[in-house]
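There are 2 protein chains.
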Amino acid sequence: MKKDMGAKLMVYPTPIYLVATYDGAGKPNVMTVGWGGVCCSNPPCISVSVRKATHTYHALMERKAFTANLPSAGFADEVSYFGKASGKNEDKFEKTGLTPVRSEYVDAPYIEEMSVNLECKIIQIHELGSHIQFIGQIINAKADANLKEGIPIIEQIVPIVYSVGNDHRYYKIGEAIIPKSSE
Amino acid sequence: MKKDMGAKLMVYPTPIYLVATYDGAGKPNVMTVGWGGVCCSNPPCISVSVRKATHTYHALMERKAFTANLPSAGFADEVSYFGKASGKNEDKFEKTGLTPVRSEYVDAPYIEEMSVNLECKIIQIHELGSHIQFIGQIINAKADANLKEGIPIIEQIVPIVYSVGNDHRYYKIGEAIIPKSSE
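Chains H and X, in that order, are what the protein sequence lines are. Using the numbering used here, you'd call the opening residue of the first sequence number 197 and step up by one each time. Using the numbering used here, you'd call the opening residue of the second sequence number 197 and step up by one each time.
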């Protein structure tokens with residue numbers, strides 16, 4: 197038996213990207229984005245959606261570039277803070293002590309402390325309503341040099357996912373499931 | 197220390213949607229999609245990207261509608277199968293015994309056995325390269341009537357996420373993380 201919930205974003209879970217940019221003055225900024233995902237294999241692209249009112253929106257329009265940094269579970273406090281504060285009023289890097297490093301590939305900083313950094317050039321922009329969707333082509337992916345071969349990356353970086361709606365919680369990734377057809 | 201990995205989709209994890217459609221002949225079909233995510237709050241929208249070679253692509257173009265069904269961990273075998281087989285050659289619903297039910301809101305079937313069903317009307321289509329991105333506005337979300345109030349939905353449905361790249365594994369969602377600022 198089903199019940200109708202109306203036009204609701206009952207989407208569980210969403211990934212979490214820390215989207216880092218330079219603003220017009222060259223100041224690095226970072227914002228937590230849950231509205232995003234992979235959208236193309238070749239060229240490799242991800243999408244991130246933000247509201248026009250955000251500081252990040254203006255940086256994305258100006259620089260046409262960003263990095264998407266994958267936070268490990270140990271950075272849940274920073275993830276929460278980056279989603280609430282605005283780069284208009286605060287220097288989020290200074291406040292958290294995380295390190296913005298200029299990408300050699302795109303006009304954006306990546307976050308040194310995150311295990312994976314996706315350096316993206318914006319190739320399309322779509323107005324959808326409350327949110328503007330930016331399609332970022334991955335020009336280069338950086339990974340921690342000490343990630344081990346032979347162990348799934350997801351089990352090494354322990355990324356955070358997000359639960360929307362009334363729940364508003366972050367979760368770790370749990371145990372692997374091996375489908376029977378793969379055994 | 198970082199190492200450059202090149203233009204790779206190092207995106208961990210991706211969500212998993214079972215995208216269900218009617219084809220030109222009215223036959224229900226379903227495909228596992230990992231290239232997707234939320235992209236707008238108002239109107240509530242998700243994106244799904246598929247290749248032109250898929251049976252689902254033609255159904256999406258023709259019907260301008262789909263449902264995105266969230267699979268629980270117990271359906272990992274079906275998820276794996278739906279990602280490998282094509283609706284051109286096989287009746288995936290018949291083969292798995294899952295139940296397609298006609299949506300009252302959009303021209304697509306939803307999967308009765310999945311806990312959450314997002315009934316979507318396609319409002320934008322973007323050519324990105326290997327994949328075409330469909331923006332689906334959620335007209336209605338259905339949920340199992342026996343989902344309990346007061347317990348996070350994600351902990352009741354135990355959705356599957358996907359790990360890309362060499363790993364190609366599915367994972368359960370793990371424990372909740374409560375950021376300090378929320379305590």
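These are calculated hints, taken from the structure and not from any lab test. Do not rely on the hints blindly, as some may be mistaken.
A pair holds if it fits inside one copy or across any two, identical chains being indistinguishable in the list.
As the list claims (entries may be wrong) - Here are the computed lysine to any residue pairs in the SDA-like style, where the Cα-Cα straight-line distance is at most 20 Å:
#	residue 1	residue 2
1	K317	D273
2	K368	Q352
3	K376	M257
4	K198	E351
5	K344	S326
6	K199	A221
7	K344	R247
8	K368	A269
9	K368	T210
10	K344	R259
11	K284	T250
12	K248	R259
13	K317	A281
14	K223	A341
15	K223	I321
16	K199	D340
17	K368	S268
18	K248	E351
19	K368	E351
20	K204	S237
21	K204	E258
22	K248	P375
23	K291	G222
24	K291	K344
25	K368	M201
26	K368	T295
27	K376	N342
### Task
Could you tell me which of the hints above the structure violates, numbers in ascending order?
Hints 1, 3, 5, 6, 7, 10, 13, 14, 15, 18, 21, 22, 24, 25, 26 and 27 not satisfied by this model.
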